[in-house]
Amino acid sequence: RRHRELLKEKRRRRQELFAEQKKRKLLPDAVLKELAAAPPARPDGKAAAANRGKRGGDRAVKQTQGQAQRQVKKDKRRKGARSKGNYTAVRLKDQSLTGLHLQLAKDFLNTQLYGPHTNRAQANEFFSLENKKNPVKKAAVQFVDKSWGQEKKQRATRFKKRWL
Amino acid sequence: MGEFEVHRVRFFGLVPAGVRCLACQPRGGRLALARTDGAVEVYNFAANYFQEKVIPGSEARSVEALCWAAGERLFGAGLGGDITEYDLARLCPARSVDGCGGPVWSMAANSTGTQLAIGCEDGSVKLFQVVPGGIQFERNLDRRKGRILCLSWHPSDTRIAAGSIDILRVFDVCSGQTVQRIMVNYHVQKVKRECIVWSIAFLSSGTVVSSDSFGRVQFWDWERGTLLESHTISTSAVLSLAVSEKEDSIIVGTSTGATYQFQLLPVKMGSLEKRWVRTKPFQHHTHDVRAVAHSSTALISGGLDAQLVIRPLMEKMQKKGYDAALRKFTFPHRRLVSCARKARLLLFQFSQHLELWRLGSTNETGKDGEVLPLCRMPEHLVQLKSKGPEHIYCSCVSPCGSWVAYSTASRFHLYRVQYEGDSISVKKVPKVPKLLLPAYQLQFSADSGSLFVASARGSVHVLQLLEPGGCKLLHTFRPPSGSPEAVYLLAASADGHWVAAVSGDWAIHIYNLKCFKHHCAVPAYSCAVTALAIHPVTNNLVIAYSDQQLFEFSIPEKQYTAWSRMVQNCGLHRVWLERDSPITHITFNPKNPSHILLHDVYMFCVLDKSLPLPDNSALLMNQSTLKQLPENARQRQLHAFKICKKFQPLLFADLLDENCLVMVERPIMDVKTQLPLPIQQKKFGT
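Protein chains in written order, with full-length UniProt numbering: chain D, 1 to 164; chain Z, 1 to 686.
What the hints contain is simulated information worked out from the structure, not anything from laboratory work. Being a predicted model, the structure only gives us computed values, none of them experimental. Heads up, the beta-carbon is just placed ideally off N, CA and C, and yes, glycines get one too. A couple of the hints might just be wrong.
Cβ-to-Cβ under 7 Å is the rule here; a few derived chain D residues that face chain Z [claimed, not checked]: (1) T98; (2) H101; (3) A105; (4) Q112; (5) N119; (6) A123; (7) F126; (8) K133; (9) V136; (10) Q142.
Pair ranges (Cβ atoms, derived) [stated by the list, open to error]: (11) D/Y114 to Z/D495: 52 to 60 Å; (12) Z/E59 to D/Y114: 29 to 37 Å; (13) Z/Q623 to D/Y114: 52 to 60 Å; (14) D/K138 to Z/S526: 40 to 48 Å; (15) D/S147 to Z/D505: 50 to 58 Å; (16) D/R12 to Z/Q263: 54 to 62 Å; (17) D/L97 to Z/K320: 34 to 42 Å; (18) Z/E3 to D/A140: 14 to 22 Å; (19) D/K138 to Z/D495: 23 to 31 Å.
I would like the entire structure built from these sequences, with the hints used as guidance.
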């Protein structure tokens, strides 16, 4: 039953992704048109740019390709009005070659030890036999899996963000 | 004896970091250990395997290789590309040299300890000279493609064997050229992955031992480039390998948590031809064993399940006693919890944050063994995050609960906590006196009016805490003859008259706080101090040593007490001396001056000085038998040690008031579910 629910969630997720992509295509054009129609309205323009800046900033963080990259570039151009602090300032000194090497090394280690060909088991599975065979039988080690209902939780947090 | 209401705390979410590297000091009886979070620890074998030094890690530091050089100097190198020398007296990284080869995967010192070779990400092996001030780059050996994951010097220091991906290379040190190149994946059919050589060892006979990701341990002849023997011991990778000094025994660790011993044994009785045979399998760990070491008498392994296991070899032991017992260490040998007794608060120390909790309460009473319902749940009051990548060295909360202090390698923070009804406000104390950091131990005085800071070179700073939120440096105590090591334990008396400090050279000094002078030093003992405390009424200093001995020293009289002399004359019970973990906290019951409360990881004990000591023929853990006896029979069998083993593993235990105890446990299974994934074990019938 849980398997079916997981499949349903996957399908729902894909639907949502398609819907979002469609929305993304529409929204920037709509706002652009608005801005083009009413350039002298300074506070509105600022607010609109700030909103778009925020959304663009969020998407830049999520690192989606194509649409989002174009969106971010446009935002950078229009950032005469400072958006409300959804930016990160990084020192170029910190983003050095060492960081890149370190990341590559860590990725290599991860794939070798925890990659697809290693036969890794979840903690629940691994320790479940002990709990079943103990003289005092106990429940599963991790009774609740935190990844259940991920979609609902994500939607709830997004809903909260919109209303705050 | 007493009935106590016990607050059984299991919400300290400590997850110790896994063991990544091990290095035995060649002639010193010490073991250096590095963890996945960058922490470096030193264990002293002679002091009953006590964790005598701890250098906390850092987010910016990763340690992939650790080695001893030039006798007492400890070097580490990691994926950050630097080679760091650790200052073991000041417990911090001393100097750092950039390897200039990208992330460093492996490091080894030659047999004389004068040169270090590192294996880098870019495929080069670099040689460094160990000089008195640090290390100096000497030269690069022949560089080829493929990261060098492991390397080993030949005992004559003329050749180095290095393991890479699919390839094993042997370099000649003088010329720097590759003199042999062996393909390691030659014998594996129909598998498309690459063969990673995880660890390597070069024996003096010219045999190169390698372990790889296909679960094989292989013996090669380096000159001819041929395979002498191949043992497939596991379906998962064999991650680590260590050879004994006599080169007749090898220990290997695998990804499944199993370790195996190989021994060089004659083919037939009395025959001269010898062969390597896989002799003993062990399953001490549940997760990957990424580090193994071989001392002269024991097999040592450390896994990603944060356990250090020391398995003494029976054939090397003279007699079958406690020396030959298996030792397993999961939790640190120091206190990570501090308690504000009056305010009923607990401060938990994590590597990068602190948590302040208020204990729950109950209105009901019950009989022995009953679980009482709570009328107020324990509350997580404050979480203090430490800024920056460095991990926390020490932390403390004052007895009244309104001051919290902690120290990292370069920062010292003091906070004032105010409680207004249900709300908490935490304010940082702005101008803290400039001290030589880090602070290795913090202890508030009993009246919460001063803070004692343990510092380098045996010194103890006394800071006076001022209302509404400030502090100033009152005095700095130093031992009269100076000390190169740092102070790691402090104890303050309840009347605010004395403070005792233990430094890394195991000397205990007692200072007088009224006239700010050194009072006396406790006579030297041949073992490390694991816990100490000053009695509130008699001002006796109770000391627990790592060999499980207990001493009581009278501070006003400057000598051991009569009870302590009696304990030394009679000797402690054999079962008491054969405990695996050191005592990390000693406390007292103000209403019962003859009681001493102490605990280690597996037991909690109330020591009653007014009762007789048990001799070796009596049962030490006799609480359950005493409960079943009638009153008069009980009186005859009563002895001083009242031990409770109900709460384990115990990280902290303290007396809140005369009827109330708090026990902080950390069930091992809770730790194991938060570790990286283990390898699937197929069990018969499941």
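Item to complete: Hint by hint, work out which the structure violates, then give me just those numbers in ascending order.
Response: 8, 9, 12, 13, 17, 18, 19
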